[in-house]
Amino acid sequence: MRISQRFTIIRTVLAIAIALAVAIGIIFLVSKSPVEAIIYFITGPVKKFSRLMNVVEMMLPLLFTGLSLSLIQRTGVFNLASEGCFFIGGAVAGLFAVKLNLPKVIDPMVCITIGGLVGMICMLIPAVCRLKFGASEVVSSLMMNYVLMYLGLIMIRVFVRNPDTGQLQSLDFQEQARLSILIPKTRVHTGLLVAAALVIIFWVYLFKSRWGYRMRMTGSNPGYSKYSGINNTKSILIGQALAGLACGIGGACEVLGLYQSFKWLALPGYGFDGVIIASLAQNNPILVPIGAFFLAYIRVGADIMTRMTDVQNEIVSIIQGVVIVLLSARAFLGNWEKREIVREATANAEGGDKT
Amino acid sequence: MNVASLIFTPKFLATIIRMTTPLIYAMLAAVIVNRAGVMNLAVESTMLTGALLGVLFSTWTKSAWLGFLLAIIGCVLLSLAIGYAAFVLKADESLNGVAFNLMMQGGTIFILYLVTGSKGMSNDLQSKVLPKWDIPIIKDIPFIGTVFSGHYLLTYIAVIMVIFVHVLIFRTKFGLRLRLVGENPQAAESVGINSQKMKMIAMCLAGGISAIGGCFMSMGYVSWFQSGMTAGRGFIGMASSTLGGNTPLGGSLASFLFGTADAIAITLSTLSIPGEFVTMIPYVVTVIGLVVSSSLSGKAGKRKGDKK
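Protein chains in written order, with this note's numbering: chain A, 1 to 355; chain B, 1001 to 1308.
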């Protein structure tokens, strides 16, 4: 156990190091002032307080989708609808934020709850299609993402479209529906508290509750869990529902915290980012903030680099790809790990013989 | 304007064919890898990369066909990298696909910016367009001529490719081995087939074929590259393949269905229906089609099992 834990850490660090090395290599190839670019990239976000707060802002949506994917990847049903659920959660929350007129704290809470519930239902659709009809959840959830995006846009266009703007956007939200700012002079909003609560709730669910235990069993060994009397379908659906809830709430918080009206015209991409974060966090909710911080950090760093030098921030996508591949690669350092385990096992066995 | 008068025209039927062409290539790529027992989400990214490479290489070589060939080679190389990660490093199939999709989504923009200084489109490049073909004799027949003649050559090649892949999978030794690897890798290994090598070859074939689809998008359908221009067509190709039972002919029918939905979307967008509703149609059709087809095949399988 200790060896595999140690190797998890080594593997994560090495994957990040290799990805960064590849990125730095590319920067040297394409840039006229590579050293300067790399310095901006690596140290940019910590140079100023406001930039560090940008990292926190960037982290917020990633926390929600990272949490969501860390449950999804444990269910064994690889549902990729997080992208669409995040979008529809935001759109629905935006819709209600325009229409509802409730007292101060209750209004955003209601909007976020509705957004979360809609996200939950939408996440369950591909999962049910898979479990009930055997339709590949990967393909159907990818299609769902587009369906949900267009549905959200239709809702905004039909019900709350602002007629004065050329581009599609909603009317302004009610003032009391917006989330208040948590740290003055930044855009860090109270969604951070919601995210923190979800981190704890998901951790408790996954590791301290019987439903979480059942789900982990189902995901890691469906046959075993079935024969020990666990209802696999039910435990998968509970996990998927919670994952959808996180995405919906995340979208709602993002919209109500950052904007005065609903302005998204395309999928924001945070759903797929969740895959990276969950991989980095080993699908452990408590580690999700670290993964989200890492991704947010390199994004903000890359943005600063783009502004200051001639290297484009899309370099981040290369880092992301390399990190996911290496982290999910079973053969990456696999032989070394096996050797270590064998060595310790033989050492133990020999030690056992002596006593 | 009347909907019926818009739809039942030869021009509309020609639009269907135009919209179906890239889907056919994506579908064929998905059929080949599915037959080898691999789930390849990266069809989307090889298609997008093919679209970009076609534009870039045709600009540099000043020849459409040379650019087209180099784009295919480039995508085969990319597929080698994807296959290396999947089969040698043993990365999780779905995660690997997501990783390469994310990488090339940003990567194509990165390369585009390096070459043109723009992140959106490649308008400034003098890229070449692949030729169209007027079928002799047929082009003069009034209705049929408008529908079937005057498409890009790649559309006609798509038809040939469907037959080619069908023969390859079901009528050759290679195809037999490929299907064996997909259905029972252990059995394949036991008769001396290197399953990893077969999967790798399938991956490269898929990469090359999806690159043709990408080139059709950027060197025919339109004459430029735009970031994210494949817009999920690789995924729709995967869906068509599943819908068609992983056969080239069935998959073509499914692609045709999606192409029709696409064409309806384009045609109806001239009416006063919200644009989003119309563009949503193909994706909804895909989900429903997927559920229906897999529940049908699931039931058929069960019935077979009952008889035993």
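Any given hint might turn out to be false.
Now the stretches of chain A that chain B is said to cover, found in silico as 3 or more residues with beta-carbon under 8 Å [unchecked claim]:
no., region
1, 138 to 145
2, 172 to 179
Pairs of lysine-lysine, DSSO-like flavour, derived with a Cα cap of 30 Å [to be verified]:
no., chain 1, residue 1, chain 2, residue 2
3, A, K47, B, K1119
4, A, K226, A, K48
5, A, K226, B, K1090
The set of hints was computed from the structure by calculation and includes no laboratory data.
Computed from a prediction, not measured in an experiment: that's the story for all the values here.
For each residue, glycine too, the CB sits at the ideal point set by N, CA and C.
How the hints compare with the structure:
As drawn, the region 138 to 145 of chain A meets chain B at 6 residues by the rule of a beta-carbon pair under 8 Å; at three or more, the given contact holds. Evaluation of the coverage hint for the region 172 to 179 of chain A: breached, as 0 residues show C-beta separations to chain B shorter than 8 Å, against a requirement of three. Using a Cα cut-off of 30 Å, the hinted pair K47(A) and K1119(B) holds, with the two alpha carbons roughly 28 Å apart. Between the alpha carbons of K226(A) and K48(A) the distance comes to roughly 54 Å, so the proposed pair goes past 30 Å and is violated.
Annotation: proposed proximity of K226(A) to K1090(B) holds, straight-line Cα distance about 27 Å (limit 30 Å).
Of the numbered hints given earlier, the model fails hints 2 and 4; all others are met.
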